[in-house]
Amino acid sequence: MKNLNYLICILFGLGITFSSCNNQSQKSNGALSSSAAEKVYVAPGEQDEFYAFLSGGYSGNLTVYGLPSGRLFKEIPVFSQFPTSGYGYSEETKPMLNTSFGFIPWDDLHHPDISQTNGELDGRWIFVNGNNTPRIARVSLSTFETEEIIEVPNSAGNHSSSFITENTEYVVAGTRFSVPVPQRDMPINEYKGNFKGALSFISVAPDNGRLNLEFQVLMPGFNYDLSHPGRGKSHGWFFFTTYNTEEASSLLEVNASQNDKDFIAAVNWKKIEEYVKNGGGTKMPADYAHNVYDEETHTGTSTMKKEVITVDPTQVPGSLYFLPTPKSPHGCDVDPTGQYIIGNGKLSADLTVHSFDKMLAAIEGEKFDGDAYGIPILKFEDVLAGTVKSGGLGPLHTEFDDKGNAYTTFFISSEVVKWKVGTWEVIDRKPTYYSVGHLMIPGGNSRKPFGKYVVAMNKITKDRYLPTGPEMEHSAQLYDISGEKMELLLDFPTHGEPHYAAGCPAELLASNSKKIYRLDDNKHKYATIGVDDARVERNGNEVHVYMSTIRSHFTPDNIEGVKVGDKVYFHITNHEQDFDVPHGFSIIGQGTSEILVMPGQTKTSLWEPKKVGVWPFYCTDFCSALHQEMQGYVRVSPANSNIDLSWSLGE
Amino acid sequence: MMKKASILMIIGPLFLLGLYVFPLWNIMLGAPQYPEPLGMNIYIDGIRGVDEFDIQNIDGLNHYIGMRKLPKPEEMWEFSTFPLVIGGMVILGVLIGLLGFFEKISYNWFMGWFVLMSILGVLGMYDFNAWMVDYGTNLDPNAIMKLTNADGTPVSYKPPLFGHVKMLNFDVTSLPSTGAWLMFVGMMLTVMAFFVGKKAWKPESSAKSVRPIKVKTNEK
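Residue numbers (the numbering used here), protein chains in the order written: chain U, 1 to 651; chain B, 1 to 220.
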């Protein structure tokens, strides 16, 4: 406890020093100049220059913003139920949230990463990770909907994820918590030496993006915090920061902060891939869900997988090395050339930059500083390219521009620091409001960054907006980084808690964005393709309503013969083929949520009527001037009644 | 010179073949909620949407005000007759040109073709306009919205034959399209053929050849 108190005193002391500095620089900047307003002003009817995909953290969703305006365009449900669209409530999307733990309606969404080809953003998909019940999701960037979720077995706190290799060969998911592998009943205090950390390599099919867990590298029981791929010359390697190399299982804030240096783990995944291809690795029983949403059937299916290939890296010579890095490093970032690997020292004031070339030379020379569980540790001095001594405190994450500069967030001193890659000199620093976590430059973790803006995602909001009680949205800040000095342009609130973001130029996605689903491509099992197909069928106590919608009526809109205790499935097909004309469906006493059905799409809502009566349903989306007329009735009779099913429209 | 005129007369009617590929007329409907306007292209053999689902969406909107659905090709005799008429006129024009080329007939036939084509064109326009009047005013008595003018008469939704009108929330623009422009160029070529042919009649050219005399005998 004494250690902890000292640490807090030091941090507070430094915090005061830096906040006074910040106040000064704020004064010298004066009020925001009118040019800042012009830079973020996107006139009515005009469109933004960049898309920004911000992680929604504990909202479980991904949010889509425009830059430089900071306007919110969409919230994409991924790991959480979402009444707005019915995601996770509709029969079609419930399977998307299936796991080996059953239906899990929530997760903590982190670290969006856009697919790449040759190290450049290609705008096909965006990948995100569920941190809590480990999952990786793939979101389509033509429909902006979740298409696939794969659970990650043997993992816990899926945090050093979901980063992709430079041709989207793999999306990589590393465990934050080490756990018994396989899981078993054992004393917690026997952690050391017994727990394992799984780094999972999930392949992405180039044509349709389908995910497959190819292999898991079972690492020593450290915490694997963040990761990034090698690119260019270092393509084929993946780098992970570690903390808790002490292997503590309790009071980690002290016990995992004892070692002067932890490691960056450098994994040569090409070597391991080859090893597995040649039959290496151990097949281990596992239990994990693989959920796929099909755009043509508009339906998700969940499959349980029963096996995974695990690899002991000590069995694959040359596949894994540890690079000593001070001091519980958090972010692990690789510059656009692939030459430098940055360890953001979290509890250190400095950034440690390793050189990929030096690393290769050290490996070649076999200059090791011992080993950890049989994994060679390289000498710190041999791999070190330089240290950024910024004077800030609590570096967390680094992004890059296209002019050889890097930008690092400092959580404790609450600032973004710009520095020169190669010379390590600090060029500029700007305060953030307050306590910045991640930052994002569009393409800033690829071979080709678009270095015009940086978005800082702050953890603490305090007084930045009108107060809304104890709970507030987090706040992001936009800086112009086109000049030598950064310029703060804009504050905007974000939803949930953003843990990283990804951005790209608008033109990469805008023209591919789908406007409607084609009705003639709709292969949903319960679709009502022609209005004459609308009907109601009974199968035991299940009632299937094949219903279509078009402005502004349901077909059919009067249904009789439903009984208390029935399970009524409303399969709604939207016959519109016009952009931005969804119809919704809701019925009194609906135990799930409304569903919002896009043009050409079919969605199903389950209704279990509990009371006798005549119950209305209506369209939830203001679809036309006659939206209020878009309604109907279901007559619910007693369970023992013998009224036949009938349905009608306009009779 | 008569050969040159005849070649023009052969080429001119061939421009009408463009009507089988390109629309004759185009009507665009823009509105605040349709920043990308809906549009229909009118071909000699039917009406098609500018974008794939435009016809369906125009019909969907029109049902509010009680307009019938846009006709399918089989629902209007014009869409089966027009291609035959155009085809016939192309064959006739080329034939006249060829006969002119071999100096079997006079240049006046060129003008004759042009006049006939113009009459057919005007009749076509008249028919088209009559259909639009019917389509725009013959409304479902149970229409959802029954709008009237200040004097109590029902609002007409007839699209303009040519130009722009504001119709409720829609800006409707109706203009000739590629096919019509090609037809126009082709018809102008036949007029040119006539004048070139006529010039060939001048005494200095007639002095060089006896044929114009023969041609002249063909005339009254």
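Fair warning: there could be bad hints in the mix.
Lysine to aspartate or glutamate pairs mimicking EDC-like chemistry, simulated, CA-CA at most 16 Å apart [unchecked claim]: (1) U:K514 x B:E52; (2) U:K514 x B:E36; (3) U:K514 x B:E103; (4) U:K515 x B:E36; (5) U:K306 x U:E296; (6) U:K306 x U:D369; (7) U:K610 x U:D566; (8) U:K459 x U:D491; (9) U:K515 x B:D51; (10) U:K261 x U:E274; (11) B:K199 x B:E103; (12) U:K448 x U:E425; (13) U:K514 x U:E145; (14) U:K367 x U:D382; (15) U:K611 x U:E560; (16) U:K270 x U:D350; (17) U:K515 x B:E52; (18) U:K452 x U:D48.
Please keep in mind that the hints were generated in silico from the structure rather than gathered at the bench.
Hints, one by one, checked against the model:
no. : hint            : verdict
1   : U:K514 x B:E52  : 14 Å, holds
2   : U:K514 x B:E36  : 15 Å, holds
3   : U:K514 x B:E103 : 61 Å, violated
4   : U:K515 x B:E36  : 12 Å, holds
5   : U:K306 x U:E296 : 27 Å, violated
6   : U:K306 x U:D369 : 40 Å, violated
7   : U:K610 x U:D566 : 9 Å, holds
8   : U:K459 x U:D491 : 13 Å, holds
9   : U:K515 x B:D51  : 12 Å, holds
10  : U:K261 x U:E274 : 31 Å, violated
11  : B:K199 x B:E103 : 15 Å, holds
12  : U:K448 x U:E425 : 22 Å, violated
13  : U:K514 x U:E145 : 11 Å, holds
14  : U:K367 x U:D382 : 8 Å, holds
15  : U:K611 x U:E560 : 14 Å, holds
16  : U:K270 x U:D350 : 31 Å, violated
17  : U:K515 x B:E52  : 12 Å, holds
18  : U:K452 x U:D48  : 13 Å, holds
Hints 3, 5, 6, 10, 12 and 16 from the list above are not met by this structure, while the remaining hints are.
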